Amino acid sequence: MFKIVDKKALNSAVTSLTIDAPFIAKKAKAGQFVIVRIDEKGERIPLTVSDFDKDAGTLTIVVQAVGFTTKKLVKLNVGDCILDVVGPLGMPTEFGTPKKAIIIGGGVGCAIAYPQAKTLHNMGVDVTVIAGFRSKDIVILEEEMKAVSNNLYITTDDGSYGEKGLVTDVLKRLLDNGGYDLVIAIGPVIMMKFVALTTKPYSVKTIVSLNPIMIDGTGMCGGCRVKVGGETKFACVDGPDFDGHLVDFDELMRRNSLFREEEAHACRLEEKNNG
Amino acid sequence: MADMTPIKTKMPEQEPTVRNKNFYEVSLGYTAEMAVKEANRCLNCKHRPCVSGCPVNVQIPDFIALVAKGDFEGAYEVIKATNSLPAVCGRVCPQELQCEGKCVRGIKGESVGIGRLERFVADYHREHGKDKSVNIKPNGKKVAVIGAGPAGLTCAGDLARLGYSVTVFEAFHTAGGVLVYGIPEFRLPKSVVAAEVETLKTLGVNIMTDMVIGKVLTIDEIKEMGFEAIFIGSGAGLPMFMGIEGEDALGVYSANEFLTRINLMKAYVDGYDTPIKKVKSVAVVGGGNVAMDAARCAKRLGAENVYVVYRRGEEEMPARREEVHHAKEEEIEFKFLCNPTRVLTDENYRVTGIECIKMQLGEPDASGRRRPEKIEGSEFVIDVDAVIMSLGTSPNPLIRNTAKGLDVTPRGCIIVDEDMMTTIDGVYAGGDAVSGAATVISAMGAGKRAAAAIDKRLQKE
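Chain order of the listed sequences is A and B.
With the first sequence counted from 1, adding 7 to any position gets you the working numbering.
With the second sequence counted from 1, adding 508 to any position gets you the working numbering.
Think of the hints as simulated: they come from the structure by calculation, not from any bench.
One should not assume that every hint holds.
Okay, the calculated bits of chain B under chain A, using three or more residues with CB under 8 Å as the criterion [stated by the list, open to error]: (1) 676-683; (2) 722-734; (3) 745-753; (4) 760-769; (5) 777-787; (6) 904-918.
Note that the structure is predicted; figures quoted are calculated from it, not measured.
Glycine residues also receive a C-beta, built at the ideal position from the N, C-alpha and C atoms.
Taking the hints into account, I'd like the entire structure generated from these sequences.
Pasting the structure below:
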């Protein structure tokens, strides 16, 4: 049993949960994930570790309530327990030794982009953060991202805050000025795809963090297989970070849609049950 | 004088057309009367060939003699002395290749139903018996076991009985390994596994779930925690794929994924959250027990047509005979001497069929089985909306990648010496992690040998 020790709503749909998990907190590194199962009948879902505190023995996950289990998860409160938390899984992000980096977060992906930016900032790297949202009301972690970056650009699809447009618009402008040697993109698959397409002509190393369907998170089910450079990789053990210039994003988007009907059905049932 | 009936006493089963729609156990087990009758078929041979066929050395004629006398608890004690999971072995061992394969009665007629008798005795004990309170004298030494599957549980049980303080680290949320994620309920009820695990806990074995060794702790860190020996029984969990076109389409699963959703996550039971697709026609690729399990699960989930596609012939299939027989009864259709060449899909990349090529058997290959060869131009398509790849599994790299000095073969199997010790001093290994995918009982045999070797080493210190 893993106790929830802190809960914060980052916006109306995104919640940050801090969990008491001393073994995992001790070993977790940026870029890794955990598998969570809420209760005896629950499914196992992967969630990227957003933050961890080795001394306090806690780790933080940021959850967007979009599916059946994530909706259940955000209803839990401080003091409640999650039955299973397994990790840290996957390979930590390999930052290398960059001088000037651009970190891109899309929506809830900012919750993962933020600790990446923080890690690089603490390494003394010149960090620019581009954070994209649909609109002003769902902007998260603005102050935190500002604190760990030399420059922060916020874009919104509707122009209600920051710059109107897409993260790739800002990215292209920055790359045209040159000098960047690392781009990390975390967010919707479609965003990561276009970030990778944007950076490719500039030959800037681009890391993306993938989020496929998986069960065990240890290489056993093969559900998370993705094509990277023409080879089949398991995101759970070989990733979740991959070279964005080699990932077959279209296949990943298709595979992620596999259980969409079942998921929608389960969510409708749940809403009906809750009256 | 032994009962000379040439065939085994029949074991009652659910009707095939009934059971292929539910997940209840297929075989219902002997009654006491049937067990006594079958036990009387044993000749009690002096040279005990059956025992030589048992990887964990069960004293078969002795337990059968007690069954014949109606002393079922006595028989249980005999089995339990060398086999820590009798209710499991009675159900899933390939007896025809082991004890029963050596039985003298099998020369003219059918062998004694040793597996059925073992199962009866274990079930009888679970329902009627009481575990004798074992008087264990703790010796103050700590041993860690990685993996709560057949190898790990056996090793843990044997060491606990010898007085060791044993902690088992399990990656999943439930102990049992392949017994819970792989083998389906209708072949091995999960309550049977849970009861065996509970028995281990009463011996003082501490099972820590959700612990992925190689990630949350390394072998070195476990040593630093004061464990004087470590046994690695992490199994062979990595699924293989064919590398054919369309294999990443929606509706292609590894048997591991398909079976884990069903067996461990209970996706077929109302109220459980894990999703599973309802499908109409399924092709299962492979010829082992796992392929049989996947095919029979698909049928039970409501698939109308379930095909097993296997590149060799029926004789060469590695699956247990009984499983093949049961699968046929349950209307699984076998496509022998066929090999998939690609998976066909619609515009949304969902599976619509599997293209196969016919094969013929040539000269024997390294495995001694005749090598399947393609018949050029013989391609044909089977219409299916799901494909389950059951081509075998290999050991998981998570431990070997983080354990300095742990040598493995080119296929990733951990190398051990005759005492089951790996190339790291004090670290032992056994089961599928060493042999590659094999049977429950051979993994148990390895766990047993490792426990004995660990005891020998720690006694000396």
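For this session: Between the region 722-734 of chain B and chain A, see if three or more residues pass the 8 Å beta-carbon test, and mark the coverage as holds or violated.
Result: holds (count 3)
Exercise. Are at least 3 residues of the region 745-753 of chain B within less than 8 Å of chain A when you compare beta carbons?
Worked result: Contact hint for the region 745-753 of chain B vs chain A: holds, 5 residues under 8 Å.
For this session: Report holds or violated for chain A covering the region 904-918 of chain B, Cβ cut-off 8 Å, minimum 3 residues.
Result: holds (count 3)
Exercise. Within the region 777-787 of chain B, is the number of residues with a Cβ closer than 8 Å to a Cβ of chain A three or more?
Worked result: Check passed, 7 qualifying residues.
Exercise. Would you say the region 676-683 of chain B counts as covered by chain A, given the rule of at least 3 residues with C-beta under 8 Å?
Worked result: This one holds; 3 residues, not fewer than the three required, reach chain A with a Cβ under 8 Å.
Exercise. Okay, the region 760-769 of chain B and chain A, do three or more residues pass the C-beta test at under 8 Å?
Worked result: holds (count 6)
Checked against the numbered hints above, the structure breaks none of them.
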